[in-house]
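These are the residues of each chain, in order.
10 protein chains.
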Amino acid sequence: MAKQPAATELETFPNPAPNRDYEIVIEAPEFTCVCPKTGHPDFATLTLTYTPDKLCLELKAWKLYIQSWRNVGIFHEAVTNTIADDLITALKPRKLALTGAFHAHGGITTSVTVEYQGKKAAR
Amino acid sequence: MAKQPAATELETFPNPAPNRDYEIVIEAPEFTCVCPKTGHPDFATLTLTYTPDKLCLELKAWKLYIQSWRNVGIFHEAVTNTIADDLITALKPRKLALTGAFHAHGGITTSVTVEYQGKKAAR
Amino acid sequence: MAKQPAATELETFPNPAPNRDYEIVIEAPEFTCVCPKTGHPDFATLTLTYTPDKLCLELKAWKLYIQSWRNVGIFHEAVTNTIADDLITALKPRKLALTGAFHAHGGITTSVTVEYQGKKAAR
Amino acid sequence: MAKQPAATELETFPNPAPNRDYEIVIEAPEFTCVCPKTGHPDFATLTLTYTPDKLCLELKAWKLYIQSWRNVGIFHEAVTNTIADDLITALKPRKLALTGAFHAHGGITTSVTVEYQGKKAAR
Amino acid sequence: MAKQPAATELETFPNPAPNRDYEIVIEAPEFTCVCPKTGHPDFATLTLTYTPDKLCLELKAWKLYIQSWRNVGIFHEAVTNTIADDLITALKPRKLALTGAFHAHGGITTSVTVEYQGKKAAR
Amino acid sequence: MAKQPAATELETFPNPAPNRDYEIVIEAPEFTCVCPKTGHPDFATLTLTYTPDKLCLELKAWKLYIQSWRNVGIFHEAVTNTIADDLITALKPRKLALTGAFHAHGGITTSVTVEYQGKKAAR
Amino acid sequence: MAKQPAATELETFPNPAPNRDYEIVIEAPEFTCVCPKTGHPDFATLTLTYTPDKLCLELKAWKLYIQSWRNVGIFHEAVTNTIADDLITALKPRKLALTGAFHAHGGITTSVTVEYQGKKAAR
Amino acid sequence: MAKQPAATELETFPNPAPNRDYEIVIEAPEFTCVCPKTGHPDFATLTLTYTPDKLCLELKAWKLYIQSWRNVGIFHEAVTNTIADDLITALKPRKLALTGAFHAHGGITTSVTVEYQGKKAAR
Amino acid sequence: MAKQPAATELETFPNPAPNRDYEIVIEAPEFTCVCPKTGHPDFATLTLTYTPDKLCLELKAWKLYIQSWRNVGIFHEAVTNTIADDLITALKPRKLALTGAFHAHGGITTSVTVEYQGKKAAR
Amino acid sequence: MAKQPAATELETFPNPAPNRDYEIVIEAPEFTCVCPKTGHPDFATLTLTYTPDKLCLELKAWKLYIQSWRNVGIFHEAVTNTIADDLITALKPRKLALTGAFHAHGGITTSVTVEYQGKKAAR
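Chains as they are written, first to last, in my numbering: chain A, 963 to 1085; chain B, 963 to 1085; chain C, 963 to 1085; chain D, 963 to 1085; chain E, 963 to 1085; chain F, 963 to 1085; chain G, 963 to 1085; chain H, 963 to 1085; chain I, 963 to 1085; chain J, 963 to 1085.
Straight line, CA to CA, 20 Å or less: simulated EDC-like cross-link-like pairs of lysine to aspartate or glutamate: (1) K999/B <-> E1020/C; (2) K1016/D <-> E1077/G; (3) K1057/A <-> E1077/H; (4) K1054/H <-> D983/A.
No wet-lab data here; the hints were simulated from the structure.
For clarity, every value in this text was computed on a predicted model and none was experimentally measured.
Given only the sequences and the hints, what does the whole structure look like? Please build it.
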């Protein structure tokens, strides 16, 4: 089992339109980690929706951060909350939501959605 | 006809992020029980949506609990309400909804949706 | 042309969870009646959504009631309102909606939706 | 129960391009008859595919012919074969296929396909 | 180029359930008119949603009214507003919305939606 | 675990058009049996395609025969071949194919297709 | 009613790869003409598939040719055969097929497919 | 790399129904620009939704304006905000939203949505 | 990078119907390996279709074998051919096909299909 | 307007399984070039299907080759044939097909398919 990636692996760039509230949606269908109980891989689509404040998420580093979870053992609920925390730390967004939609196993499908409302808004 | 499963067959684990309200959706398309009037099997997809408080639903036990209904004779409205009651007893969630979407019979499709609003919320 | 069915043809059974507001959706894609102007058959999907109070709709009688319209001559707007009235009479529901979604004729598709809000609710 | 319609109710018009083999597909999704055993209505989509010889099928009469089956009691296999026979009698086509795709009942869907190869072809 | 049809070409019949607010949706996918600039035909689906007051829209006359636009030269925004005006004049509805969803041209698709809120409502 | 049903539970009726080769397709999406290794239920859609000779399959008995497998422990490959054998025994068809399309488990979906060519054909 | 367009309205350009048999598919979903019996408009998607010999179809002229049918009264079978004939005259293709897939009317959908095999092929 | 187009390249025409708030949706699936970091092309569908005040967007100039971005190097967030600014400058709309839905790259899909609420409204 | 799994990791069980040619299709949508050039993960759906001779593929071992590729660096064409070779070695099937349908990268999707025809067949 | 790319821009790597005939399908939905007549951009999905002989197509170079067409003025039929020729020159495949499926313009969609059969095959 590998170590969890750190929030510091996420990179940002300055928001080109900080005077306006607007929404960015980023869908990453190739997330995979490992079930800590069975050792079997889990697969999910991560959907991130956020309103940037001063910073936007850099996509190349986001992709590498996602790949860093590949051999980490962690449950669905924990990994979705941890990634949301890392994104909030790195982006300090006005608003953010993250959904981890995991593939079916044992005939059962699970998705986990975390929502965050920041303190500051443009309007 | 078999006996109904008990709420105690459901298992839980501690919520890894109890300080935050977040939503978990679990879809189980392989529910089957028996019509108490005709003896014919009924098939449904159960969709559970909940906001955990201190406890999360353990999926393996949920799967076995669902399988325990296989040979129980019970109507659509009753079984959906009973399973919702068992989940509320086991999880004591902040919020919960359960839909039983039954396959068509005699050309007619039925779904039953129960919603529950707990007393306590993080925000 | 046949006579319209009566609301008394609808049958009910006691609501197994009268202490809770919950929703039942029943879809019947095989409704047919006759256009009183042209004599041509009309086809529709009836979708009933209701929150039961003391009574639930019995599905076998609902199916037979629907079949009783087969040779009745009646317009789209009238038949949807009449069936909604019969259901309100028979079920005395907390809340009800009925949609008749008719197949296209002359390249034009029509649907009619009636909503009813009863006086009494559990919460 | 009503009487079966006769092949003579079908009407034709002269093929505008008899020197060429070409294919006409006519789909009628509003066929309904009655199950002779249960008295319940059956619904189907009829799909006719044919290569005309001297005659083409007139659509208005085809529609009325289909409507004439509305209250006839007959099984899936028998009605599809009978309608195919009526079409072969009326059209004397170079080639013909008829499928009756019946709606699900008791959770089971049936379709019946009859193919006919006439003796004469343009090429 | 042909002359625009008049609102008087629309016909109505008495609402069979004037004591209740209910919704009628009528979809007509075969609208066509002509671009006044290029002379090329435009195609659209018209979707009308309304709550009748004393009058309902007669479908046969609606179909003929739609056909009357076939050779009229008019822009997307103007024709959708004009047809909405004609419907409001003819029906005096409690509420009405009309969408003209035009096919793509030059790789670009346009739809126009007009909403109208009448003064009078049943509840 | 229950006992396997016998081919004799299948019922037939005389083919109404034995002089013609034609095809009947019957789809049953509510097949379930039990994995003999894990005890977990398996779910499948059975699709039967056949050309009748002297006999057609009676649908009500087919439905009950399918239900008889509900608590039988048997693998995918074995149950599909056994049901195909029972159908060949009961129907003596001119031609037959049976597919068992099983739901995904462990992220993996399996389907099994058996084809049979009888000795006798109409043409 | 307007006059039928002539084959001479179709334009061509030299095939850029005449030494090779290859296939061009052109789909035009905005064909409309008029029913000669009822005066109501008919709508269709024309799908042309051909293997060019010395000439390819020029698309702008094809579009205008299609528009020329807008107010012509003609039946489905006749118009599909006539357009195919015009295309064969103009293109002298190695191989050609034309399908006119007409919208449903009176609940019934029709499509007409003409195939042509030229005398000359590259291989 | 090419120069960015100017807002003055957008053209308008007088709103034919300025007394009414209504909505226009324009979808352009063929937007392409260039990633300033990698030099690889980016592709997106632009969806504009607006309520016109005195001016409507002329579609031909909109198409040419979109094409002017073809060889401009700019990031997703910046280009969507810039185009929204140009549209607000040119149209002075009552309300406007613009979404740039970019194709997946590196397995990750991004969309950016800007919303604008003008000061003036008809009602 | 991990070592490639061996064909000996695949397990089999005796074909329950060796006297008949029949087809088994197994779809595994959760295959992942690593690009040897970029180090980025690749994702694919593997679809195996085979006619068993004496042996059938055991699904649990197949799942584990697939998981063994998780950290192996190998190209699309090579991995699909290697897995096909391992399956042919383990199963000695009468007939086999394997498709690896890889997710899009750089906007480009690839799939690789290998077919094998064994020497021996039942009929 | 830019210059056409050369076949030499395509790169290859040795086929890892030259003893076997197998099929590779590569779909590139982001092809764009320019109409030489109107100057407007054209967009297409290129689908390449081939059986490699000694060489496989390198995907990164294929992507750059496709991008080189971005500002070239060329018709649909010509560009599809030219790219097919370049691929045949570079790959010397056992078998190849290339389809260019262009987006609709003026309401009309075109696709061009070129097929090539090489002289040499493994079986």
